[in-house]
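Colleague: Letter by letter, the chains look like this.
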Amino acid sequence: MQVVSVVLYLILAPFVGALLDGFDRIISARMQGRKGPPLLQPFYDLAKLFSKQMLAVNSVQMLLNLSYLVFLAVAGAMLFAGADILMSLFILSTADMFLVMAASSDSSPFSTLGAGREMIQIMAYEPMTLLLAVGFYLATGSFQVIDIIRMPYSTVLTMPGFLIGFFFVMAIKLRKSPFDLSTSHHAHQELVKGLTTEMAGPTFAIMNIAEYYEMTLMLGIVALFFINENWWSWPIAIIACLFVFFLEILWDNVCARVKWRTLLDSCWVVTLLSGGLNGLILMLIR
Amino acid sequence: MGVIPVLILWPALIALLIPFLKQSKVRGIAVYVGAGGVMILALTLLISWLSGGQTVNLYQQTELIDHLMLAGELVLMVLIVYLSIKHRKYPVILLSVGQTGLLLWSETVQPVESPYHMTVDCLAMLMCIIVAFVGGLICIYAVGYMKGYHKHHTEYQDRSGFFFSMLFLFLAAMFGLVLSANLVWMYFFWEVTSVISFLLIGYTRTEEAVNNSFRALWMNLLGGLGFAIGIAVAAGTLGSVQLVDVVAAGAVIPVAMLAFAGLTKSAQLPFSSWLLGAMVAPTPSSALLHSATMVKAGVYLLIRLSPALCNTMTGMTVAFIGGFTFIAASMMAIAQNDGKKVLAFSTISNLGLIVACAGIGVEETIWAAILLMIFHSVSKSMLFQAVGSIENTMGSRDIESMHGLLLRLPRLTYIMGIGIAGMYLAPFGMLISKWVALKAFVDADNYLLVIFLAYGSATTMLYWTKWLSKLVSLHHTKEPVHDVTLPDQYLSMYVHSAATLLLCLLFPLVSTYVVDPMIVQLFGSAHEVLSMSVLTTMAIMLVSVIFVPSLMFLLTRATHRDYVPIYMGGINEGDNTYFTNSFGEPEHLYLSNWYLRFEFGMRRLMRPSVIISSGVLIVMLCVIVGGAV
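Heads up: the protein sequence lines correspond to chains A and B, in order. With numbering that gives the first Met the number 0 applied, the first sequence covers 0 to 285. With numbering that gives the first Met the number 0 applied, the second sequence covers 0 to 628.
If a hint is listed, it holds; no wrong ones were tucked in.
Covered by chain B, according to a simulated footprint, are these stretches of chain A (three or more residues, beta-carbon under 8 Å):
id, region
1, 64-72
2, 91-101
3, 114-122
4, 274-284
Covered stretches of chain A (chain B as the covering partner; in silico rule of three or more C-beta atoms under 8 Å from a C-beta of chain B):
id, region
5, 48-57
6, 133-139
7, 189-198
Simulated from the structure, these hints should not be mistaken for lab results. All of these numbers come straight from a predicted model, not from anything done at the bench. The C-beta atom is built at its ideal place from N, Cα and C for all residues, glycine as well.
Throw the hints in and build the complete structure from the sequences for me.
Modeller: In structure tokens, the structure reads:
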């Protein structure tokens, strides 16, 4: 069962991510009064990127990007295998490290600046992810995903604060405005293309696939809030994931990019107020 | 067990011998022999202990040695008084005379018979091995380092003989300290380490060095005063000065006073500034003070005390101070661009985590504390040595000047990379221990520590990642760099990096065969902290961390690619180093790291942190002592 789930994740996650990205582009375009690209545009983009000439600024960028991809896949596979959620989140930040190193290995002004901002972003979201794991442990008595999804009721009932906090920092991971400092999906980026400035062709395609794995992993964590031992919790979880994703798109389109200081302050304060308080309550009633 | 006196006396003997060897070559050989001897003796002790029982108590009748130690304490006191008068630091005299007088009074007015004076158990043995091997390798490293140091710093008088002598004396004192079961004995060695660290920090005799060394001295003497009060109260109320009896009785005042001494020695807030000041000394002494010896003496004592700290007010205070130090020091590390300063803050921060674990004092946290201690000793010693070598080679230890070091000093960069990865990346040992600590803090219902750990991990990640990314920038510069690191320095660093990797790979074995027995001895029982399946998963992941990038390297090496210049805004002059500016002239590209000085600078955070921590410490000590009297 676990093997099937992991294999399905490894195969399907990029497709799910790319499809969601396609929807994201259409919805965003409609919000901005445009028609938007076709649904399968992300697939066309990937195909195009892979067909391009292999241009590189150094010899290590490709291998660091590939490592980023593999570690993200490992982090996601751990979640979908029902393993330890805290370990999965630790691997997630290790994966991010490789992206930062890939960007700074170029020694190029724009990607180095992007890498610096990416580090600030990691620092901003990491307390939330660690507290989130603690929250699941307090609510269910286990760090194991397999135990969390076998609860008689959905964990969102006891940890709504964590969901709010996680929604807040998820904007960083999905590279959504107002927190898309290191690199942005939008054209108006003051850092050229931030940490992906020096990535071209297949290297950039690999980075995109890795982001799709990450997107699926994030939504998997959202689903974890809703899934319980009853079968009907699964469709509810999927609907909840889609709704959360829609909210992120909405937030992306109504907000302007903030400075790093605002990012750090707001993420840390929201983490403390939502996750921190919710966790405290869980600990007191335990 | 007859090897114990030899183990302590051998480095002391080498220390006595070295100042008389004027030729640097002969001195170098003496250091090699001395360090090798220390390692062999420690191994001999390990083997004889393994073949014998689990816990061995030694030396019932020691009247002569007791008198010698008393004389030694008086000599130390006279030395401190003399130096304080010479440098006009009079308040230090009060601390020194006060504690020595208190101890003399206690020993004459309330003499206590001691059943035994030394104990060899798992924890003591582990400390011996760490001190012997990490400390011994640092001595070997120092031989090459000091040559380069004095070539580089001609302004300081060459007192290498004195320096080596102090390093070896330090090792001797550490062996004595970790093996002592009697508090009076332990106190003697404790004082010796305080005084030697003071002498080592003042090595260069500049004004800054003298000031910093006196700061280290008074802070450690304050801890020593706490130690002496603890002994006097224990002798008066319990009628015993055995550490085991104090812990078993859970005597509130002695435990609180000893814990206070442990906090000063392990440089916890508000006493962190002595360790930061210690950076003026040559790097081997920083490596020794920070990794294997001085600060570890503090956490060693706290781990010994931990069963008596569990669920007490003292334990809560210690845990708070530790957790607070962990987050405050890791924040301040972000704003530092001096390599050694970052390492110093990281040491304080990691020790904070160990102290917090000891303060909670349950099996899981002690398990994590011991593992953190092992990993920290090896990684930190290696990092200090690498930074020291880089400084000797490039004339700077500024992280900014390490831009693109991978191309200039590849061997040293790999060593640094292993050290940094070992300090914080998943799934290396430090991180696993942190994970266990997090779980144990939740189980102990200490939510404040959970918050500290969550935020502290994030800040820890930032200062290591930005350093690592500075190292891996593939930036070509025209300045040639000639690596002046000597083979003995590399030998030490290679052994350290191999040890780091092996410790991570053999993590499950270390946990089962080294740490679990210690938990049994401290708590009487041990259940599995991490199940074997979890440990195996982690071993697999570790392998993946090492092998995924290597595999990717092999896969991508063969692919053909066309190299293009980077985008620089202005026109790239073709070498990725210069671009054409708006005047049409070539401009050198300079890339700097983020330091967030206004947000996380020492100037902004140090004073509030010291005020908060000393406030908590003073109030809690008053409450604890007042409640017990």
